[in-house]
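Chains as they are written, first to last, in numbering that gives the first Met the number 0: chain B, 0 to 441; chain E, 0 to 293; chain R, 0 to 274.
These aren't lab readings, by the way, just hints derived from the structure by calculation.
Every value quoted in this text rests on a predicted model; they were computed, and no experiment measured them.
All residues carry an ideal CB built from backbone N, CA and C; glycine is no exception.
Just so you know, nobody snuck in bad clues.
A short list of chain E residues far from chain B (calculated; beta carbon distances all over 12 Å): (1) L92; (2) T201; (3) F280.
Simulated pairs of lysine-lysine, DSSO-like, Cα-Cα distance not exceeding 27 Å: (4) K63/R with K52/B; (5) K62/E with K241/B; (6) K216/E with K99/R; (7) K436/B with K125/R; (8) K67/E with K241/B; (9) K226/B with K67/E; (10) K62/E with K436/B; (11) K436/B with K321/B; (12) K330/B with K63/R.
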Amino acid sequence: MKRALLFLIVTVAAISVVGAAGRADQGSAEERGRRDVTLPLSSSQGWIFDVDKDIADMFAEESGITIDWQISPDDQYVDILRVKLNAKEAPDIFMLQSSTVNMATELDPVNNCVDLTNEEWVSRLDPGIREDSSLNGRVYGLRLWRISLGSAYTYNGQVFDRLGLEEPGSYDEFKALCEELKNAGIVPIYQCIPAGWHHVVPLFNTCQRIEQLRPGTYEALNNNEIKLAEIPEFVELLGQFKEFADRGYYGDEYLSNSYEGAAKAIVEERYAMVFNNSGWIREVATNYPEVDVEEWGMFQSPWIDNRLAGVSTGGPTKFIYKESDLIEEAKAYFDFITRLENLELYLEKANDGNFTQITFPEAGAKTADMLPGEKQFVDFTQEHGMGNIMQNGVKYINPQWFDVGKDLELLFLGEMTPLEVAQSIDRRRRDQALALKDPAWM
Amino acid sequence: MNKNRIYPAYFMSPALLLYLLLFVVPGIVGIYYSFTDWNAFSTDVNFIGLRNYVEIIRYDGRKSEFLKYITNTLHFTVGSTAAKILFGLGIALLLDRNLIHRNLYRSVVFSPAILSILITGLIFRSIMHPTTGLLNAVLRAIGLDFMAQKWLVDPDWAMRSIIMVDVWKGVGYVMTIFMAGLQTIPSMFYEAADIDGAGYFTKLWYITIPMLVPAIKVNALLSFVHGIRVFELVYVLTNGGPGRTTEVMNTAVYKEFSYGIYARASALSTIMFLFMAICGFFFLRMLDRREVEL
Amino acid sequence: MRRRRLELSVVLGEIVAIFLGSIVIVPVALILVNSVKSIPESHAMSMALPEAFRWENYLVVIEKGRLVRSFFNSIFYAAVAICVGIVASSLAAFVIARNKSRVNRAVYYVIIIGISLPINYVALMKVMQLTHLVNSRLGISLLYTALQIPFSVFLISGFVSTIPRELDESAVIEGCGGFGLFSRIVLPLMKPVTITVMILNFMGAWNNFILPLYYLNSSRKWPMTLAVFNFFGQYEQEWNYVCADIVLTSLPVFIIYLLGQRYIISGMTSGAVKA
Chain B
0 MKRALLFLIV
10 TVAAISVVGA
20 AGRADQGSAE
30 ERGRRDVTLP
40 LSSSQGWIFD
50 VDKDIADMFA
60 EESGITIDWQ
70 ISPDDQYVDI
80 LRVKLNAKEA
90 PDIFMLQSST
100 VNMATELDPV
110 NNCVDLTNEE
120 WVSRLDPGIR
130 EDSSLNGRVY
140 GLRLWRISLG
150 SAYTYNGQVF
160 DRLGLEEPGS
170 YDEFKALCEE
180 LKNAGIVPIY
190 QCIPAGWHHV
200 VPLFNTCQRI
210 EQLRPGTYEA
220 LNNNEIKLAE
230 IPEFVELLGQ
240 FKEFADRGYY
250 GDEYLSNSYE
260 GAAKAIVEER
270 YAMVFNNSGW
280 IREVATNYPE
290 VDVEEWGMFQ
300 SPWIDNRLAG
310 VSTGGPTKFI
320 YKESDLIEEA
330 KAYFDFITRL
340 ENLELYLEKA
350 NDGNFTQITF
360 PEAGAKTADM
370 LPGEKQFVDF
380 TQEHGMGNIM
390 QNGVKYINPQ
400 WFDVGKDLEL
410 LFLGEMTPLE
420 VAQSIDRRRR
430 DQALALKDPA
440 WM
Chain E
0 MNKNRIYPAY
10 FMSPALLLYL
20 LLFVVPGIVG
30 IYYSFTDWNA
40 FSTDVNFIGL
50 RNYVEIIRYD
60 GRKSEFLKYI
70 TNTLHFTVGS
80 TAAKILFGLG
90 IALLLDRNLI
100 HRNLYRSVVF
110 SPAILSILIT
120 GLIFRSIMHP
130 TTGLLNAVLR
140 AIGLDFMAQK
150 WLVDPDWAMR
160 SIIMVDVWKG
170 VGYVMTIFMA
180 GLQTIPSMFY
190 EAADIDGAGY
200 FTKLWYITIP
210 MLVPAIKVNA
220 LLSFVHGIRV
230 FELVYVLTNG
240 GPGRTTEVMN
250 TAVYKEFSYG
260 IYARASALST
270 IMFLFMAICG
280 FFFLRMLDRR
290 EVEL
Chain R
0 MRRRRLELSV
10 VLGEIVAIFL
20 GSIVIVPVAL
30 ILVNSVKSIP
40 ESHAMSMALP
50 EAFRWENYLV
60 VIEKGRLVRS
70 FFNSIFYAAV
80 AICVGIVASS
90 LAAFVIARNK
100 SRVNRAVYYV
110 IIIGISLPIN
120 YVALMKVMQL
130 THLVNSRLGI
140 SLLYTALQIP
150 FSVFLISGFV
160 STIPRELDES
170 AVIEGCGGFG
180 LFSRIVLPLM
190 KPVTITVMIL
200 NFMGAWNNFI
210 LPLYYLNSSR
220 KWPMTLAVFN
230 FFGQYEQEWN
240 YVCADIVLTS
250 LPVFIIYLLG
260 QRYIISGMTS
270 GAVKA
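The following block holds chain B by itself, in its conformation from the complex (with noise of 0.2 Å):
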C-alpha cells in the first residue's frame, strides 16, 4: 500500500512539473510587459504584401509587439481557419473575407470577434466599407481593399491585334474568338486549378446576369424558395464552362498551372487571357515592362450574354478574436496600420502599387496611372452598369469556395455534369443552413 501511494505521487508529480513547465512559458509572456509581445495573425497567402510585412517590422520597434504571420496556402486557409475557430482556438488576428451576408453566416461576430466599432479608425473608414464590415450596425472589422470594378477578362492586346479580334459582346463571340486563338496555337484562357478558388470567380462573378433576367433571385435562394440547380441559366453557366474545357480552350496544364504564372504566360503568348481583377493589367505593366501593356484590354464576363461588371462588396478583412488575451496589443496594432502615413505607404507599395484606392479616403487616390485598357473598362461599366455578385449576395455560397472549386475541376474533367454540381453546391447550402438552424430550411 505504501509503495502504491509512493508510485501515485511520483507519476502525479511527474505531471504536474510538465504541466507547470508549460504554463509557466504562458505567465512569463504576460509578466514581461509590453515587451516581447508576439501577436499571431493569420492570414492566406494573397492576402498579405510585403508592405504588411515592414509596417509589422515598424510596429514591432516602436512597441515591441511582433507580429507572427501565420500564413497558409490559399486553398487550405479557410479550411484551417475555420477548424480553429470550430474549436475556439483562434489565432489573436485572422483574415477572412467579409461582406455582411458573410458575416453573419459565416463568422458569427458577435461571438467570435472583438467589437470594434468605438475604435479611432472607424470614424475615417469610408462609409461604404464601414456598413460592409459591420453587423447590425456594430464594426468588426478593418479592412483595407476597396471595392475593386470586379474582374475582367485582361486579353493580351498584341495578340489580338494581330488576329483582327474584338472584344465579345456576347457568349458566341466569346467562342468564335476562343476558336480562332486555338486555331493559331495559343491557348484562349489561362486557368489555375491548383491556387482552388480563381476558377471559380467567373462563375459567381456573372450571376448578376441571373438577378437581372430575373429579378429577386437573390432572396429567392436566401429564403430557400428556390434552388441554384432549378435555375436555368444557373446550370446553362455551368455547361458553357464545360463546353470551354470539351473544346480544349483551357490548353492541356490548366491542372497544374499557377496563379502566379499567369503574366508570364500571357506577355509570352503562349495564352491569350485571364479573369483577374481589374488593376491586375498594371501589376503586368510593372513587371515586363518591355510589354505595350498600353494595347492591352479587358472585357467582363460574357458568359450567359452578361454585360453588367460584377461588383465586389466584400474583401480580406482583419478580425481580432474575441477570446484572445491580446485584444489591447491587437487593438494598438490596428491604430498603428491605420496611421494616416502608414496608409500612405500601403496605398503606394501594395499589391506592387496597383491599388488606386484604399477604405480610407483621407490617403488619396491614384487616379493619373490608369492603362488605357482600365479606363476602357471603366467606361463600359458606366455605360452598362454593375450587379452584386453572388457570394455577397446570397448566403452560404462563400464558406464552399473551395469545394466549389472542386466541383469545377470535375466539370472540367468531364467527372461531373452542370446540373450535378449545381446540385453539390445546393447540398452544402442545405448543410450549412441546418446546422445554423436558418428558419428557411428548418
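Take the given structure of chain B and dock chains E and R to it, following the hints.
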C-alpha cells in the same frame, strides 16, 4: 508467492488511464455523437437516429459523394497493401542471396520509413509535377516519354501516384519483416528439395511462401491498418484532388470538422472505428494462436 | 557459411539492388542538392548541381522558419512522450506478461487492439476541451504518449515473456516485491527493448503532423513538422529554403536512425516474426 502482490494490478493504471481517456473514450463517445446533430454552431445536441449514416449513402435521392470517399480509402488500402507485399517480398528474396553489400542495401531501402509522412509528401509533390517535376524529366531524358504522366493531377493517375509514394516509403518495412521471416526457414528444407531436384520456383512456391504466411499476414494487417487511417499523405499530395477523386475518409473528417458539421465527421470516424475493431479482432486471434503455439 | 559464387544471378542481383537503392536515394539527394541553391536555380527542383553552395540558406531558414523554437518544442514533446510512455508501458507490460489473470489478459487485449483502432478526432477534440488539454504542451505530449502505448505494451510484454521467471522467484525469496522487483531486477534486463521503444516513441512523436494540426493552434507551440508545413505555405516557390527546412527537420530522426538502426529494425519486426 502471491502473484497479485508482486505483480500489482495498479501498475497498469497509468497506461490504461491515458489510453482509455485519450483513445477509447473518444471513440465510444463518438459513436453516440454520430447519432445526433452535433455541430459547431449551437450547444444543444439532439438525437436524430441514423440520418447521418443514411446521408453518407444517399443524399436527396442521389448517391452521396461520401460513398466515393469510402471506396477511395479501400482502393488506397488494398492497392498499397498488395503492392508493398509484392515488392517487399521480391526485394527480400533478392537481398536474401548472399549479395556483397546486403546490409547496406537493407539499410538504404528501409530508410524512407523513418521520414515524416508530411515531408515525404512535400518532396514528391515536387517530383511528380507534370512539367517541372524530376520524375517526368528523367523519363523524358532516357527516352521513355510515353511513360510520363500528369501524376497527381490526372484523375486516372492521382490515386495510383499516391499509392506509389506510399510504397516508396513503406516497402522497406515490409521487406525487413519478410527478411526476418526468411531467416527462420531452416535451410535443410531447401537442401532436401535440392536433392529431389526442385527448381527455384518450385522451392519458392512450396517451401518459402507457405513458411512466410505468418509474415504475410502481419504485413497485410499492418499495411491495412495504416491504409484505412491515411490522412497526411493525401492531404499534402493532392488534398483530395483532382476534384474529389482522391478524397479519403480521414480527409473528409477534417473537411466536415472545418465546416463545423461535427456529427457527420463523427459518423465517418465511427464507420472506420467499427471496421478497424473487427480487423483488430482478427489480429488478436492471430496473436492468440501464436501464443498457444509458443 | 556458403561459399559466395560469383554467378550471373548474384551480379544481376547486385545491379537490381543498386537500382532499387538509387530509387530510394534520389529523392533524398534531390532535397540535399536543392537546399544549397539560389532561389531561381531551385525553382525547377532539378538534380543539376548549383553554381555556388549557398550554405547560408540554412541560416535564413532557421531564422525565418522559427526553427529554434519549433525544435525545442519538438524535443520537449518527444521527451515527455518517451518518459511517460516508457514508464507507463513498461509497468503495464511487466504485470501483464507475468500475471496472466483473466483481468490482466482482458486489459492486454483492450490495449493491443489500439494498434489497429483509428482516432475519432472530433470526439477527441471535445475530450481535450473538457480536460483543458487542447492547445497545451502537456496535452499534445500526452496524446503522443497515448498513441504509442498499444505498440509499446505489445513489444515490451513480448520481451518480458522471454526473461526467465526464476529470477523473479529468487528475488521474491530475498524479500523483493512489486516495484522493487521491477526496478532492480527486471528493468535492467529489459534494456534492449527499452531502447527500441524509446527510439520508436521518439520517431512517432517527432514525425507526427495530424495531432498538432488539429489540437495545437498557437504557432508558439508548433513542433517542427507543423513549422515546415507553414513554411511551405509561405515560401512555396522558393524550393531552396523549403528543402533546407526539410533537411533540418529530418536531421534528428536521421541521426537516431544511423545510431540505433538495429534497435529500430528489431523492434518493428520483433512482434511480427517471433524467432
